[in-house]
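J.: Dock chain D against the given chain Y, drawing on the hints supplied.
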Amino acid sequence: MPITPELLAQHGLTAAEYEKILGLLGREPNRTELGVFSVMWSEHCSYKSSRAHLKTLPTAGPRILQGPGENAGIIDVGEGWACAFKIESHNHPSYVEPFQGAATGVGGILRDVFTMGARPVAIMDSLRFGPLSAAKNHAILEGVVGGIAHYGNCFGVANLGGETVFDPCYSGNPLVNAFALGIARRDQLFFGRATGVGNPVIYVGAKTGRDGIHGATMASEEFSAASEAKRPNVQVGDPFLEKLLLEACLEAMATGAILGIQDMGAAGLTSSSCEMGARAATGIELDLDRVPQRESGMSAYEMLLSESQERMLLVAQAGREEEVFAVFRKWGLDAVAVGVVTADGHMRVRHRGAVVCDIANAALTDEAPRYQRPQQAPQRTLPLDPRPEWLPGSGRDLQADLLALLAAPNICSKAWIYEQYDTMVRTNTLVGPGADAGVIRLKGTTRGLAMALDGNGRYCALDPRQGARLAVAEAARKVACAGAQPVAATNCLNFGNPEKPEVMWQLAEAIAGLGEACRALGTPITGGNVSLYNETLGQGIQPTPVVGVVGLVDLSQGLLPLGSRFRNPGSAILLLSGAPRQSAEEARQRFGSSEYAAAVLGQTWGLPPALDLDGEQRLHEAVVKAHEWGWLQSAHQVSTGGLAVCLAECCLGRSVESAARARLGAAVDLQTDQEPWLALFNETASRVVVTCTPEDVEEVTLLAQRAGIQAIELGQTRPEAEGFRIACQGRTVVALPLAAMAAAWEESLARQLEPQAATA
Amino acid sequence: MKIGVVVFPGSNCDHDALHAAEVVAGEGAALLWHESEDLGGSEVVVIPGGFSYGDYLRTGAIARFSPIMAAVGRFAAAGHPVLGICNGFQILCEAGLLPGALLRNAGLRFVCRPVHLRVESVATPFTGACEVGQVLRIPIAHGDGNYFAEPEQLEALERRRQVVFRYCNAAGEAAPEANPNGSAHNIAGICNEGRNVVGLMPHPERAIAAELGSADGLRLFESLLLCQ
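Protein chains in written order, with this note's numbering: chain Y, 1 to 760; chain D, 1001 to 1228.
Calculated from the structure, these hints are not laboratory results. None of the values given here were measured: they were computed from a predicted structure. Honestly, I wouldn't trust all of these hints.
[Unchecked claim] Computed, partial: chain D to chain Y, Cβ under 8 Å:
1) H1015
2) F1051
3) F1065
4) E1205
5) E1211
All C-beta atoms in this analysis are idealised placements derived from N, C-alpha and C, irrespective of residue type, glycine included.
Just chain Y, same shape as in the assembly (with noise of 0.2 Å):
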């Protein structure tokens, strides 16, 4: 079959890059061997466009056992224990078929986390939809939502929240992008390599089908009005299978027989067999007619390339194959030597005798295409300052607006999207979804793991590379809350095209940031996942990176994580804070990117909160320190909607340590020289809501002044009774019963989901 310019369009590959697989293979390839390049060299495998600019991410750092570049990060958790994470990104199928393609999104993630030894005991997700008054975001919120649980619950694996945002740009593109961690003894760790010459290659898990065939290079090009024709690109998810294969995974590395392991993720056979045998320099030598098949007549092509589910390749010491296929006949999953490791380092497969494809792993690796794309700052089309009217007046009725924003969508409780994922199976979830981190047990040790997730696409449309930092600060501010440690994140990158300066400008912008913010946080990036391409008709995303930050927490000593919500009743509440003095003129510029600007005012203006990441710091370590004394009651960082929504938070907020409690009222006075209205809503970082007893604030003020940040007292908690009050400089402008905050806050998003169970 000849090689037309038509083929290679529809296989993604330009002329230029045809020209260099023609170079390194000295030939032409088989159309067998385009598709393998063809998936290899997608940007979803390759990072063609992002590589160039990942590479400046720091990496290293005394707990990192493993960084980039394996099927998932691993840090050091301490007495013996190793933990794997990562997050991945799934927004493609998902708007072609929102059940399987967010199912399959977890599904996905797990695998990458359990192929390293580690089993699996927390995801998070972080979702972007288009606003829902459209009947067709509505549907792929519902079945995004339905198909996470469907996956995880089966699975049996605690969800732990994250985060939904709503926002026009994502109307054609929503972004689903799930988070897991998995913990490991860490001597008993597992990699994907391809080691010692000779060692039997193992297919084991579900059979390979035609589904998901190029779903790599679907999710590397843009959605047209033909985008649904791509339903068939996506696979489905089984979790039940998922689950045996996790079991059986687990037992067969306890053998001691299994040297290598990898997922069948994205490219399936090809990336899982030329990536093993790239990392260890050897090849594998593939016979598909051994490979267990769902249907008949397949071509090396369709097997190649497919993306059936719940598969994965591992190599095992020759002669101890038995021991393996005993363990997976247990579980009633196949198992089948279907190829060989070799020196020569060549991905070789044959089929009915044949060899239909023969290629060096380097080739379709590291001599995979790297660019630096052109860059170009966008025009900017938003006014930096407010025009005078759009700002609220002083007659403004501030107790309304708190409320319309304690009932927009990104402010809202999500208890709607999260009481249908399992939270609590395998019994370590100490803090739920609902609270600024998730927190679960580590069962005989002295540690709890915390796990928050991030991104902000509003800020970086405005400012890419500061919009980036807060991420990385916000994700690990809330890890701080529980009183935990940041130490590691992960990251997912979810941009338009980047062949477009604008947008590549954006990437570049948003990973230096991340960079920065990573570097002075001490959370170096273990690895993640890069999403380009989120356009459909021509309409791109926000750039929108999404952080994933771990951090340990001490519960040595009946020490417990931190809650977001208040506890007691006559605590004193104050506020810790990080962050640089602003002029009142850079204060108004700022408000530009708040929630309260763009939910309550309709407008969008100016820039993203300041960040100064030493402040942050510092932050971090005064709550984490005053968690370990056993001072701090609760903690909550002030982010959307600004220390009025984080107030009323405090007061209704619900997870798993605090559902059992009533709820508290709050009185404060904000002694401030800001408009009200500023003081309330305006979004600035690095700020931090604690409560303590009275007895106590000398203490946590004065370790917060040794930390080189301010503590402020700002009232006392109250009984549900007195309801909520803030006052500005003795004035009251919020005096709400609790009742009208939670009937606004929590039923919000079953209004606009279930309008006809919300009028009945």
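T.: Structure of chain D alone, referenced to chain Y:
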């Protein structure tokens, strides 16, 4: 005491049930494989939660045919204590060891959250350490927990005091708003006529320590010690 926890393909609360059983039974707690008919000398059998055989076809419908369920049937017939939690309750109903069936939740979605349960009967091996009317706080996590039985069956269950747990509010009232899944008569758990087989949708094994949100679930396991 020897407590056996059955493992089906797809069980995912097996380790949690084992962990809870170990609190009262120490090293006497063990896992039992579904393909075996040997209960390993267990004095109590727990069928844990999860998605046995993927819950394809119908929840619990395939698990009832596994070899171990034949052994559990004989064990139950001999009057020994059997506890089915969540998927375990569904399996016991499918196996005919408990009456009724568990339908899709009335809200049609999976629900995971802490709920209140009122103890209706202490005359079972799993509730002896409770008091009638006591309110326990225990989480649910299921998509098919809507208890159904024919009207005359329900009437018989009530008459024979086979309803062991009812969904209620914090004050202990079995109010309609406290019913998370549409179950008939707010039923969360029942026992058989012999009172030795108990099934419930909520997860007592998840409520065994204050830091997990509640330790009320321990009462069910501690009750076993009173039977010795």
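J.: Against chain Y, with CB atoms and a cut of 8 Å, does the hint on F1065 (chain D) hold up?
T.: violated (15 Å)
J.: Would you check whether E1205 (chain D) satisfies its interface hint, that is, whether its CB is within less than 8 Å of any CB in chain Y?
T.: Since chain Y brings a Cβ to about 7 Å from E1205 (chain D), closer than 8 Å, the hint holds.
J.: Holds or violated: the hint that F1051 (chain D) contacts chain Y, with Cβ atoms closer than 8 Å.
T.: Holds - the Cβ of F1051 (chain D) comes within 8 Å of chain Y, reaching about 4 Å at its closest.
J.: Using Cβ atoms only, decide whether E1211 (chain D) comes closer than 8 Å to chain Y, and label the hint accordingly.
T.: holds (6 Å)
J.: With a cut-off of 8 Å, does the beta carbon of H1015 (chain D) approach a beta carbon of chain Y closely enough for the hint to hold?
T.: holds (7 Å)
Against the hints set out earlier in the document, a violation occurs for number 3 only.
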